[in-house]
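K.L.:
Listed below are the residues making up each chain.
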Amino acid sequence: MTEKRVYLDNAATTRTDPRVVAAMEEFFTDTYGNANSLHAEGRAAHKALEDARARVAGAINASRPDEVLFTSGGTESDNSALIGLATAGGRTSGHIVVSAFEHHAVLEPAEWLGKRGFDVTLLKPRADGVVHAEDLRDVLRDDTILVSVMHGNNELGTIQPIRELAAVTHERDALFHTDAAQTLGKIEFDAAELGVDAASFSGHKIYGPKGTGVLYLKKGLRFAPYLMGGGQEFRRRSGTQNVAGAQGFAAALEIIVAERETEAVRLTKLRDRFEEAVVGKLDNTYVNSIDSPRMPHITSLIVKGVEGEAMLLHLDAQGIAVSTGSACSSGSLQASHVLMAIDCPQEIAHGSLRVSLGRWTTDADIDRLVDALVPIVERLRAMSPVYEKMFGTHKA
Amino acid sequence: MTEKRVYLDNAATTRTDPRVVAAMEEFFTDTYGNANSLHAEGRAAHKALEDARARVAGAINASRPDEVLFTSGGTESDNSALIGLATAGGRTSGHIVVSAFEHHAVLEPAEWLGKRGFDVTLLKPRADGVVHAEDLRDVLRDDTILVSVMHGNNELGTIQPIRELAAVTHERDALFHTDAAQTLGKIEFDAAELGVDAASFSGHKIYGPKGTGVLYLKKGLRFAPYLMGGGQEFRRRSGTQNVAGAQGFAAALEIIVAERETEAVRLTKLRDRFEEAVVGKLDNTYVNSIDSPRMPHITSLIVKGVEGEAMLLHLDAQGIAVSTGSACSSGSLQASHVLMAIDCPQEIAHGSLRVSLGRWTTDADIDRLVDALVPIVERLRAMSPVYEKMFGTHKA
Amino acid sequence: MLYSDKVMDHFGSPHNMGVIEDADGVGEVGNPVCGDMMKITIKVTDDRLDDVKFQTLGCGAAIATSSVITDMARGLSIEDAVKITKAEIARELDGLPPAKMHCSVLAADGLRAAVDDYLVKNGREPISGGPEHVEHDEHGHAAE
Amino acid sequence: MLYSDKVMDHFGSPHNMGVIEDADGVGEVGNPVCGDMMKITIKVTDDRLDDVKFQTLGCGAAIATSSVITDMARGLSIEDAVKITKAEIARELDGLPPAKMHCSVLAADGLRAAVDDYLVKNGREPISGGPEHVEHDEHGHAAE
Ligand SMILES: Cc1ncc(COP(=O)(O)O)c(C=O)c1O
Ligand SMILES: Cc1ncc(COP(=O)(O)O)c(C=O)c1O
Chain H
1 MTEKRVYLDN AATTRTDPRV VAAMEEFFTD TYGNANSLHA EGRAAHKALE DARARVAGAI
61 NASRPDEVLF TSGGTESDNS ALIGLATAGG RTSGHIVVSA FEHHAVLEPA EWLGKRGFDV
121 TLLKPRADGV VHAEDLRDVL RDDTILVSVM HGNNELGTIQ PIRELAAVTH ERDALFHTDA
181 AQTLGKIEFD AAELGVDAAS FSGHKIYGPK GTGVLYLKKG LRFAPYLMGG GQEFRRRSGT
241 QNVAGAQGFA AALEIIVAER ETEAVRLTKL RDRFEEAVVG KLDNTYVNSI DSPRMPHITS
301 LIVKGVEGEA MLLHLDAQGI AVSTGSACSS GSLQASHVLM AIDCPQEIAH GSLRVSLGRW
361 TTDADIDRLV DALVPIVERL RAMSPVYEKM FGTHKA
Chain V
397 MTEKRVYLDN AATTRTDPRV VAAMEEFFTD TYGNANSLHA EGRAAHKALE DARARVAGAI
457 NASRPDEVLF TSGGTESDNS ALIGLATAGG RTSGHIVVSA FEHHAVLEPA EWLGKRGFDV
517 TLLKPRADGV VHAEDLRDVL RDDTILVSVM HGNNELGTIQ PIRELAAVTH ERDALFHTDA
577 AQTLGKIEFD AAELGVDAAS FSGHKIYGPK GTGVLYLKKG LRFAPYLMGG GQEFRRRSGT
637 QNVAGAQGFA AALEIIVAER ETEAVRLTKL RDRFEEAVVG KLDNTYVNSI DSPRMPHITS
697 LIVKGVEGEA MLLHLDAQGI AVSTGSACSS GSLQASHVLM AIDCPQEIAH GSLRVSLGRW
757 TTDADIDRLV DALVPIVERL RAMSPVYEKM FGTHKA
Chain Z
793 MLYSDKVMDH FGSPHNMGVI EDADGVGEVG NPVCGDMMKI TIKVTDDRLD DVKFQTLGCG
853 AAIATSSVIT DMARGLSIED AVKITKAEIA RELDGLPPAK MHCSVLAADG LRAAVDDYLV
913 KNGREPISGG PEHVEHDEHG HAAE
Chain B
937 MLYSDKVMDH FGSPHNMGVI EDADGVGEVG NPVCGDMMKI TIKVTDDRLD DVKFQTLGCG
997 AAIATSSVIT DMARGLSIED AVKITKAEIA RELDGLPPAK MHCSVLAADG LRAAVDDYLV
1057 KNGREPISGG PEHVEHDEHG HAAE
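Protein chains in written order, with the working numbering: chain H, 1 to 396; chain V, 397 to 792; chain Z, 793 to 936; chain B, 937 to 1080.
Some clues are possibly wrong.
Said to hold, decoys possible - Calculated pairs, EDC-like style, for lysine to aspartate or glutamate (alpha carbon to alpha carbon, straight line, at most 16 Å):
#1 B:K1057 x B:D983
#2 B:K979 x B:D960
#3 B:K942 x B:E1061
#4 H:K389 x B:E964
#5 H:K304 x H:D283
#6 V:K785 x Z:E820
#7 H:K47 x Z:D797
#8 V:K615 x V:D462
#9 H:K304 x H:E193
#10 B:K942 x B:D1053
#11 V:K520 x V:D739
#12 V:K520 x V:D534
#13 V:K400 x H:D30
#14 V:K677 x V:D767
#15 V:K443 x B:D941
#16 H:K281 x H:E378
#17 H:K4 x V:D426
Stated by the list, open to error - Here are the computed distance ranges between Cβ atoms for each label pair:
#18 V:D763 x H:A258: 20 to 28 Å
#19 Z:P918 x V:Y682: 39 to 47 Å
#20 B:P1062 x H:R141: 51 to 59 Å
Worth flagging that the hints you see were computed from the coordinates, not collected in a lab. Source: prediction; values computed, not measured. We put the beta carbon where it would ideally sit given N, CA and C, even for glycine.
Okay, chain H solo, but in the shape it has when bound (with noise of 0.2 Å):
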């Protein structure tokens, strides 16, 4: 890599802030003790933790600092929300429902839920890209004991109605868990106002380390640890405490809660800029969800008669990384089932591309997607043995 790169894809991963990195540091040498421990390395370890948890149980606005619990990533967070409230007590039965477009760690769990006596339904979200509460209300059932919509979809940018659609389970008397791994920290999330019962969340998607995660539960419910052993995190979850990564989540916390209303105008006026240019420059293209509400940092793209995948390699042959829901990119034969969820044919879902910005994202650095991406579209229709006879001919 010797030109500078272009780093666009945020929703997957996003660089560790150097301020979180050095917020870090003194928890890996210097307060490196178990905060179980009951000396005074265990005690300085200890506050540190509960440093942090206080700090993000503001941030997101818990009632109090132990509905905040540290896990190792959203993964985590997901599976422990969807197996520990629906097996809490004991409990073997009930219905369950999940938005089909949910992110596979909060999939697969509801699916082994459904194989273990649960009864599971997969939502629809509208082609908008949007999880309606109407249509969740008449999915809800008196059996109903817990749904989960994420709050702001990886793929699309969508944002979900989540005060809505917890309000709707809650006159079921169902628990609302939202998986807030994307939208934390780029929209507001606020634990109370929105009225959820748990909500999951990743440190790598806000600038803080990999390998950390928050569970938020709400006081009083009740919960079977997913991870078992010595008890710790108030014996709702297991597992020497990462000190340092709490420590590292309450700082990149911190940061983007801070920059989060400049950072939104800024990433917003980026992504529309984008959004026009590309549009404007390729025919066959659009964004999807384009009407519906969306996070400031996630553009979804379908160019049709191209293959998401080739138009990847080829961005980053040229120094830009972006991802796409193309099958042929997840080493999976089905395109993304997010696209699949809105309906969107499979053979175009194949030519989606998905630019996410971040904090580094400059308005060089939208002009070189663009300046890039319009030749290697029109290259790439050029070789496709179909694009004539589907799409018409590509502009000039």
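Based on these hints, arrange chains V, Z and B with the ligands on the given structure of chain H.
P.N.:
For chains V, Z and B with the ligands alone, kept in the frame of chain H given last:
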């Protein structure tokens, strides 16, 4: 903390070695990609991850790198091994044997399985702190599917005859898992030589970062992933990989393995000197499992007629960090299940003190501990309403 | 599991440690589950506690609660002394970890036993009403 | 999911891309599951492949396998050309990720289809024996 602290609780957690911190640095801010992304950032992260994996595989003598799965710690490795191996392929019953003095990260998933159709036998170690192969043979059955016995006990320091235990287990066509969180880098761990099917490791016990671990899983075993989602780690452990953590683990492991033999000699000397001194100066005091094979870094002391937490707090006030298996120290009302498992009477189990040495432990540290401990014990015994009655006069 | 500074002060430098040799009342109590043992000796004049001393085998909280109850009880009438509650002891120590509350009960029980012993020795009826009910908080095992 | 340098070379600068206008045989194949589409055109003299060109809609592997098979097939007799296997294509590219093996099949199928088309157009029997069996490797979903 004005005077230099003496940290003798290395079995609880270790200080991250500055060399390990240095090894992780670039993976926060430089090679920060998602190891599953196709672009250059992703490929670089992937390369770093696979490099770490290969180094870990080499250090534990795995037969191939993909036998090494990165996890969030010893607890997750233990939970995953027990539940993932027992429930693989949808299995819902079978006989499982775990030793009675396993870490709770093994005992709790065993109990969880016991409540869900599996039949669990808790195999007692003998009074010498060792699980004997003959005793295991006696409890194995035709329907035994899994045995888990730890490599080194975290409280007693005793080494279990894993090779024999695994062989006896394999005679009955069951799988063998060992929790090697305490032994890794302290005594040799050779997966092939030991003949185990699965093994758990924890980064923060080997001067690596907290929140990192490894599950060794022999190739070809059926396994139900415990963390479910994106299908990372060869579809055996989901969650965006913690590349910095994996590199930190690998660096920590390579360092500790390289220094193992000289450290073992050094620490054994220090430990033996401590044990002789303290038993010489305090009557009614002995070392648990002193004649059994033990790891170099752990001493488990029983000081009759005093309570462990009181010793611990007084030592701490004098700048020395140790731990205890006493009930009171843990927020539990029962003394350590490990001491109970070797039939240590409850009254004297309360007087347990664990001293665990580490990389930075010096001769002077041991002297300070002995000099501090003797008068503390004498003072506490003098405060006791029952010491004279129960144990006669203490040394002048 | 964090102790307040006050607990640590009492633990580090306990008050009134020892045995009153010519005690008017002796209370010996123990929590066999936890392994704590406590002995309270009292000196009484006109049904008022002139002196209170303790011996304790136990954890930091056991020692601190023993120490603080001797301070609290000294100079009180025996009627008031037996009314000292678990909650008051914990308050006096700026709080105790939930798992340690049983230790404060033990201290109160020891004092009551000593007062009763004094009364019975003097041919009077015991007044303490027996040990305060021990609530077992939710406990678990060591986290490491 | 890492591609070899050879795959990336063919993908970045594909060989023999395009359509032979007066082709003697045309093969059009597609993998509807994956969305790959491939068109191979051939020029044949004395049952020998003078020229082979491709058009492909698909991922990096689809493009690279198309490109490399045109190199491999050029100059071969039609008998030898239809014998090119999935494994040979992968070997020629220094390997393919397991999940991408189906793309190399597609390339071989395209070439066979073109040869058969040439034969049928000339009133002869097709010789390819049809498409090579597509083994579906174990696939999963995106990991992110
Ligand atoms: C919406 C969503 N949920 C969950 C996850 C999983 O989080 P992690 O990678 O921290 O396990 C991700 C990203 O990977 C995500 O985008
Ligand atoms: C023997 C043993 N197993 C498992 C664990 C749990 O490891 P971790 O704290 O990394 O989850 C520990 C230490 O805590 C241990 O000593």
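K.L.:
Quick one: which hint numbers does this structure break? Sort them smallest to largest.
P.N.:
3, 9, 10 and 18
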